[in-house]
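Asks: Chains as they are written, first to last, in our numbering: chain H, 712 to 1060; chain D, 3 to 315.
Read the hints as simulated data drawn from the structure, not as lab findings.
Remember, predicted model here, so these are calculated numbers, not experimental data.
Fair warning: there could be bad hints in the mix.
[To be verified] Computed list of lysine-lysine pairs in PhoX-like fashion (alpha-carbon distance at most 20 angstroms, straight line):
id: 1; chain 1: D; residue 1: 42; chain 2: D; residue 2: 69
id: 2; chain 1: H; residue 1: 906; chain 2: D; residue 2: 163
id: 3; chain 1: H; residue 1: 906; chain 2: D; residue 2: 159
id: 4; chain 1: H; residue 1: 1037; chain 2: D; residue 2: 143
id: 5; chain 1: D; residue 1: 180; chain 2: D; residue 2: 163
id: 6; chain 1: H; residue 1: 960; chain 2: H; residue 2: 994
id: 7; chain 1: H; residue 1: 906; chain 2: D; residue 2: 143
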Amino acid sequence: MEFCLQIPTRQEAKMARLQFRDANEDDVPSEELPHLLLIHPPSSFTRLPSEICEKFRVLKAWESPLSLDQFLISHARSIQALLIRGFLMINTDILQQLPALKLIITISVGVNHIDMAECRRRGISVTNAGSVYSEDVADIAVGLYIDVLRKLSAADRYVRQGLWSSKGNYPFGSKLGGKRVGIVGLGSIGLEVAKRLEAFGCIISYNSRREKPTSSYPFYSIISELAANSDALIICCALTEQTHHMINKEVFASLGRDGVIVNVGRGAIIDEKELVKCLVSGKIRGAGFDVFENEPQVPEELFTLDNVVLSPHTAIFTPESLQSVKEVLIANVEAFFLNKPLVTPVMDE
Amino acid sequence: MESIGVLMPIPMSPYLEQELEKRFNLLKLWTVPHKAQFIKDHATSIRAIIGNASAGADAELIDSLPKLEIVASFSVGIDKVDLKYCKEKGVRVTNTPDVLTDDVADIAIGLSLAVMRRLSESDRYVRSGLWKKGGYKLTTKFTGKIVGILGLGRIGKAVAKRAEAFSCPIAYFSRTEKPELKYKYYPTVVELASNCDVLVVACPLTEETRHIINREVIDALGPKGVLINIGRGHHVDEPELVSALLEGRLGGAGLDVYQNEPEVPEQLFGIENVVLLPHAGSDTTETCNAMADLVIRNLEAHFLNKPLLTPVV
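Here chain H stands alone, though its shape is the one from the complex (with noise of 0.2 angstroms):
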C-alpha cells in the first residue's frame, strides 16, 4: 500500500509527548470513549486543547512502534474521527483501512489533501477551518502584493548592504492606485483580499468556479480572459483537479510584462516552472509567493531575483488564528458528540 507519509521529526515528536497527555484517565475509563486518531503530532505550535483529551481517547500513531499500515489494522474498528494537518493524503488507501471512521478535522482550510468523493461516498464528515483564517491570508496576499509593486523587501536588502550610500537611490516601483486586480477565488479569502485592496484605490474583478450573484465586482469566467483584464493576479482558490497548473504559459502571456501574481492558494495551481522561466526572463514584472509546489523545496532561480518576494507558508501562522481553529476543532466535536450540525463543514459544490 502506497502512501505519502511525512515522518514527524524527532524534535516534533519529543515535543508533543512534553505537550500534552491524555487527560482522560481520571474520568471515563478511556475504553468507553471514542476515539480520535492523530497520525502526526498536532502542530509544534499548539496543544491538543483539553476539550479534545477529555472527550476522545487519543491514538498517536506517530508513538507507536508499528508502522501506520499495521496501527490502522490493529485500531480499524473503533476510529470513528480522524484529526489532520494537510501533510498526508487522506485518500482511499487509508479510508479503507477505516471502516468507523465518520468524522475528519483538518486544521487546514485546504482539503487537497483528502479524497472529497470518497468521504462523500462514505458519508464522513469533514470538517476544516472555515474562515478564521481569512484575515490573515489576506493579510499577507496584500502585504506581498504591495512589497512586490513597491520594491520593500528588495530595497531593503539594498539598504542593509549599505547600497543607499554608495550607490544611490533604489530604482522606481509602481503605484497601486489604479491597477486593475483580478482575485482567482472569490471565496472567504479572496472577498477579504478585495476589501483590502479597494482601499488602495484598486479596481477588482474575480474568476470563480461559478458567478457569485451576491457580489458586484466584474466576473470572468475564463482565467485568461481576466489575466487579459488585469494588471495582478492573486491566487486564492482551492486546489483542484481542475485549477491543478490552471495558471499556466497562456495566462502568463494574457497577463503579459507588466503583470505580477501572488500565490497564496496552493502552490500547484501555477505551473511553477513556467512561471520562473517567465519572471527570470522579463515576461512577467514580478511576483509573491506564500506557496510552492514543493514545499520546502524553492526554485532556486528565484533567490538572485529582486522582482520576487518569497514567503515560507506563514499566512496562518499568528497566535490568533491558532487559537481561533483551536475553537473551531472543539466546537465542531461537540456539535459531533451533540449531533448538532457541524459548525464548518466542507459542503459537497
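Using the hints, position chain D against chain H.
Replies: Showing chain D alone in chain H's frame:
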C-alpha cells in the same frame, strides 16, 4: 522662457530634468566641480530653484541668488526651505501635495505588514535555505490592530482609510481635534502611543514636531508596539529609537526616512524587527511623473503671471 535659469541642486527625476530642459535653462549643480563658483557665475540668471526632501533653500542660498523668484519643491514636505525668509524676501514656494498621498500611505501599510508579518525577514529565511531545515515562526497579526496616526492631514487620512479596510480601529493626534472624523483623538502623543499598536508618523516637520517621537513616546509604544516613520527622519530621536529596538523596548519599526540620509544606523542592519527603505515613499514612476508635471505647471504659471497651483508661500 528658455533664458530663465532654473537651479537643480541634486538629481531627482530624469523625467523632471527632461521637461525642465525643454522649457528653461536648467542648471544641474551636481554636475559641476565648483558649486559655489557656479552659483556666483549664474547668480543673475537663476530665477527658480527646484527643491526636494533633501535639498531646499536656506537663507544663505536665497541671499546668493538676487533674482530668485520661486522655489518649486519636488516633494510635499518643505522643511528644507526657509519659509519665513522666503516670505520676507517675496520668494514664492510651491510643493507637490495630493499627487503623492496614495503612494506614501501605501508604503505606511506595506511597512506595517512587512514588519509585523516579517515579510522581508522570512524572504531572507527562504533565500538562505533555512526553510528546508524547519518552518518559520509565528508572526504578529495586523488585521484588527489599533493604528495610531500622528498628523491627520492628507497622508494621515489616506493611511486611516487603508487601515480601516483591515478592520483596524483608528486613533490619532493632531494639532486640532477633527470631530467630523469618527476616529479616537488623543490630546498628547504619549497617550496616543500608549493606546495603539502601530504608530504612523504622518505630520510635517516643523520646530514643534522635531523629535516628537522621543524616549517617552517610544516607551509608551512599548515592546509590542511598532513605529512606522513616513514623515521625516528628524521627527524621531534616532539614537533613542535604535537603542529601544536593540534592547527590545520597542517591538519593531518600519522606516522610510532617517536623520542623515542616505546614512542609516548600521546597528539596525542585523535585526529582524525592522524594515528599512531608502526614502522611497513616493518613488513610483507614475507618481514621480505626476510630481514633475506639477512642478512644471507651477513654474509655468509663475512665469506667466498666473496663479500658482500648489503654493505654500
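Asks: For each hint, tell me whether it holds in the structure or not.
Replies: Tested hints:
1. D/42 / D/69: Roughly 12 angstroms separates the two Cα atoms, so the pair holds.
2. H/906 / D/163: Roughly 12 angstroms between the alpha carbons, so the hint for residue 906 of chain H and residue 163 of chain D holds.
3. H/906 / D/159: Satisfied, since the Cα-Cα distance of roughly 18 angstroms is no more than 20 angstroms.
4. H/1037 / D/143: Within the cut-off at roughly 17 angstroms; holds.
5. D/180 / D/163: holds (15 angstroms)
6. H/960 / H/994: At roughly 10 angstroms apart (the allowed maximum being 20 angstroms), residue 994 of chain H and residue 960 of chain H satisfy the hint.
7. H/906 / D/143: holds (17 angstroms)
Violation of the numbered hints given earlier is absent; every hint is satisfied by the structure.
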